[in-house]
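Fit chains B and C to the given chain A structure using the hints.
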Amino acid sequence: MDAPALRHGAMFDTNELELNMGPQHPSTHGVLRVVLRLDGEKVVDADVVIGYLHRGIEKLSENRNYTQIVLLTDRMDYVAAATNNVGYCETVEKLMAIEVPRRARYVRTIVCELQRIASHCLWVGTHAMDIGAMTVFLYAFRERELILDLFEELCGARLTYNSQRIGGLPLDIPPGWDRKVLAFVEVMTGKVEEYEALLTENRIWLERTKGVGVIEGPEAIALGLSGPPLRGSGVPRDIRKDEPYAAYDEMQFEVPLGKAGDTYDRYVVRMEEFRQSLRIIRQAAEGIPEGPVVGKVPRLIKPPAGETYHAIESPKGELGYFVVSDGKSTNPYRFRVRPPSFCNLQALRRLCRGHLVADVVALIGSLDVVLGEVDR
Amino acid sequence: MGEAIAFYTLAAFILGFAVLVIATKDTVHSVLFLVLDFLFVAALYVLLEAPFLAVIQVLVYAGGIVVLYLFVVMLVNLKRPPEAHQDPRRRTWLGFGLSAAILAELAAIALYSSAGAAPAGPAAALPVAGNTEQVGWLLYTRYLIPFEIASMLLLVAMIGAIVLAKREL
Amino acid sequence: MIDTFVIPLVKILVVLNATLVAVSYMVLLERKVIAWTQSRLGPMRVGPYGVLQPIADAIKLMIKEDITPVRADRWVFTLAPIISMVPALIVYAVIPFGPTVTIFGHAVPLYVTDINVGLLYIVSVASVGVYGIILAGYASNSKYPLLASLRASAQLISYEVAVTLTLVSVILMAGSLSMVSIVLAQEQARVWYGFVQPLAFGIFFIGSLAETNRAPFDMPEAEQELTGGFHTEYSGMRFALFFLAEYANMIVVSSVATTLFLGGWLRPFPNVAWLGVLDLIPGWIWFLVKSFVFLYIFIWVRATLPRYRYDQLMRLGWKVLIPLAILNLVATAIVKVWWLA
Chain A
0 MDAPALRHGA
10 MFDTNELELN
20 MGPQHPSTHG
30 VLRVVLRLDG
40 EKVVDADVVI
50 GYLHRGIEKL
60 SENRNYTQIV
70 LLTDRMDYVA
80 AATNNVGYCE
90 TVEKLMAIEV
100 PRRARYVRTI
110 VCELQRIASH
120 CLWVGTHAMD
130 IGAMTVFLYA
140 FRERELILDL
150 FEELCGARLT
160 YNSQRIGGLP
170 LDIPPGWDRK
180 VLAFVEVMTG
190 KVEEYEALLT
200 ENRIWLERTK
210 GVGVIEGPEA
220 IALGLSGPPL
230 RGSGVPRDIR
240 KDEPYAAYDE
250 MQFEVPLGKA
260 GDTYDRYVVR
270 MEEFRQSLRI
280 IRQAAEGIPE
290 GPVVGKVPRL
300 IKPPAGETYH
310 AIESPKGELG
320 YFVVSDGKST
330 NPYRFRVRPP
340 SFCNLQALRR
350 LCRGHLVADV
360 VALIGSLDVV
370 LGEVDR
Chain B
0 MGEAIAFYTL
10 AAFILGFAVL
20 VIATKDTVHS
30 VLFLVLDFLF
40 VAALYVLLEA
50 PFLAVIQVLV
60 YAGGIVVLYL
70 FVVMLVNLKR
80 PPEAHQDPRR
90 RTWLGFGLSA
100 AILAELAAIA
110 LYSSAGAAPA
120 GPAAALPVAG
130 NTEQVGWLLY
140 TRYLIPFEIA
150 SMLLLVAMIG
160 AIVLAKREL
Chain C
0 MIDTFVIPLV
10 KILVVLNATL
20 VAVSYMVLLE
30 RKVIAWTQSR
40 LGPMRVGPYG
50 VLQPIADAIK
60 LMIKEDITPV
70 RADRWVFTLA
80 PIISMVPALI
90 VYAVIPFGPT
100 VTIFGHAVPL
110 YVTDINVGLL
120 YIVSVASVGV
130 YGIILAGYAS
140 NSKYPLLASL
150 RASAQLISYE
160 VAVTLTLVSV
170 ILMAGSLSMV
180 SIVLAQEQAR
190 VWYGFVQPLA
200 FGIFFIGSLA
210 ETNRAPFDMP
220 EAEQELTGGF
230 HTEYSGMRFA
240 LFFLAEYANM
250 IVVSSVATTL
260 FLGGWLRPFP
270 NVAWLGVLDL
280 IPGWIWFLVK
290 SFVFLYIFIW
300 VRATLPRYRY
310 DQLMRLGWKV
320 LIPLAILNLV
330 ATAIVKVWWL
340 A
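Residue numbers (numbering that gives the first Met the number 0), protein chains in the order written: chain A, 0 to 375; chain B, 0 to 168; chain C, 0 to 340.
If you're looking for bench data, these hints aren't it; they were derived computationally from the structure. No residue lacks a Cβ here, since even glycine has one placed at the ideal position from N, Cα and C. A few of these clues could be false.
So the derived list for chain C, only partly shown, Cβ under 8 Å to chain A, looks like this [stated by the list, open to error]:
id, residue
1, Ser38
2, Ala214
3, Ala302
4, Leu304
5, Arg306
6, Tyr307
7, Asp310
If we strip away everything but chain A, and leave its shape as in the complex, we get (with noise of 0.2 Å):
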């Protein structure tokens, strides 16, 4: 790393400056921490400080029975709680080999990509937001408040859902919700049209978004980036077609991919993926089997001794989870996340280097982080 502390043949001695952005900072989407090292207004180094909302999730939960997990799992991504809860169950039924009825499984994939859509929607209102562009913001809000509705009347809450369990769902559908989210598709087409409107051709956004933050798809992988970071760096990797889970075996969707790497290819990527995520919900919704919503679940949720890895494409990308189970009790033994935005967060430091301050923010907002995840 080169040190510009003192350029040569400058008259005055020109000190590096350093600016604390953060934990409590507008634009850091939560609780991050980024030091900054400023010449001017470059970015010398940033070192990203994390932890300030760390819970214990993960020791939490070896303290939890299984089915008391699902309720955890809401507070990390809580932008998408219900994707938290699809993973997690999954990985459960795959340690225990349970079967999941078709109905559920459909149903699941509408959650998902319900959650998908509403974490993009905030992405896409946050990012604009950061950088300068409000009205996005709202307009994202006024559409992810048709989800939570959904939502709502799915499983009675807006925000922490607990909206799956071991083997299915709680409960079956609610009458005619199916075409509540067919309904909700038709609107949020358009809608996705009209934040495109705002920033897709703008010059300002093209200016404050092309070029910035390039990162190379091998070096993407080196940093463990995933979903859209990782695809806007042109890497063909999404759980979804590669490892497929709930119903997306049976769904026709593409992956966007970028080729730049930039901060601009990671914002079409998400626009795409919206897109993606309405296609899959209406063939999800039109085709929901009938039939029961769980499979054959033991009362008492005690999986053989152990372990088992499986993750699912969340919205912000590869989310795993890592249960071992020494066979004898009801908790888990060890109970690990992987969750994408912690990862992610990796490449901050390298993207933000060479950059201004204004472009961090930007960066922040093109990695796609929630603070719950991260700390967990």
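Chains B and C in isolation, oriented as in the chain A frame:
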């Protein structure tokens, strides 16, 4: 009478602030007093019925150049008071020399104008009316050559600044 | 007696008060317009449709604790909001809101004064207003405000050049620096200068967005980057002064744009005779309507566009706007000397 009172009050302020500019320890305060000084000089121009010059004084000096001074002062580390040099009197002679030169110049101007040979004739002699127009007229006729020399000088300074800045980029 | 003292004093009082009220209602207008853009309602609680919101805001800001950071430069910290506010108010002295009208047998020009360097006076007083921002950033002794004030000083100086150059083109057209004469010149030319000088108008508009620190050039206060920028450490009434100064400057810029490019108090299309019926509406109403349109566009832009980055802003200023403004100036001069003379 009123004009004299106004003039001497303004002059007293100008000199007072000028002293404060060099006497203040904090660089930013010093720059601020310089701004005040410029504003009072502008008031002096108003008193001389030269509103155009007054406004330009505020616009260029107070509003433009001193902002750049502040910019530089804030960019360099200013919290630390400048260290005293080992020999504070090393440039005494230079100081005396410069002061003497300025004093001589002022005396020359005073003598020259009191001798009644003020270069600018009465305003009525100019073919245009209005303060702004007169300034423009004089600049582009009687003082064309000094004006052009000044512009050349500024151009050279600008190119020099660009060359210096580019070297570092 | 009445003509020399009473009328000017009354005018000053009216202009000052009207300005302050207009400024506080500007804030409400902005909140409302942005809310409507974003499918919200905006302030609704204080008074019907929130019309009393500015008063509630003022009371709140006045009774708030006034905090001075321990390590701040006290004098400069106190002075900075005042330096911001005063220039923003005193420029209203030369803005012509309307032509001379007769009230109770007295000829009253609808402006406080008309000095023959009026336009330059506005530019130079506005340039002093920059100090408020710079000094606030310096005196807070805090890093975010410092960065913001560095941004502010660079930004304001760059854009002042472009804006002033466009003003010179208009001065060339009108042949005068006095605000009133510029309007009269447009009356004589029977056309608004905005139509003759579209490029200058465009540059002036962009430049004035930057000069008033408005989106998409609101870098010095960018909440999302610099947590409020230069006024991060300010609270209560001192913060309010910065806030009011920003809006007062917006109104000044709109008034200047109206005067220079939209014919001031003249009715639309002064060259079309059969529209003469529009003259029944008093000039000052035309002036206010035009300024309001300009202000509305300010708000609209803020609701729509993302923010430029600091280096991009400088590039736009120095590499696009200033060359274009110089080009426009030279072209205007050539046309004026060779064709119109």
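Going through the hints against the structure:
The criterion of a C-beta within 8 Å of any C-beta in chain A is met by serine 38 (chain C), whose closest approach is roughly 6 Å, and the hint holds. Interface restraint check for alanine 214 (chain C): the shortest CB-CB distance to chain A comes to about 6 Å, inside 8 Å, so the restraint holds. The restraint placing alanine 302 (chain C) at the interface with chain A holds, with a minimum CB-CB distance near 5 Å, inside the 8 Å limit. With its C-beta approaching chain A no nearer than about 6 Å, leucine 304 (chain C) sits inside the 8 Å limit, and its interface hint holds.
Of the supplied interface hints, the one on arginine 306 (chain C) holds, with its beta-carbon coming within about 3 Å of a beta-carbon of chain A, less than 8 Å. At about 6 Å, the closest approach between the beta carbon of tyrosine 307 (chain C) and any beta carbon in chain A falls short of 8 Å, and the interface hint on this residue holds. At a threshold of 8 Å, the smallest CB-CB gap from aspartate 310 (chain C) to chain A is about 7 Å, leaving the interface hint in force.
The structure agrees with every numbered hint stated previously.
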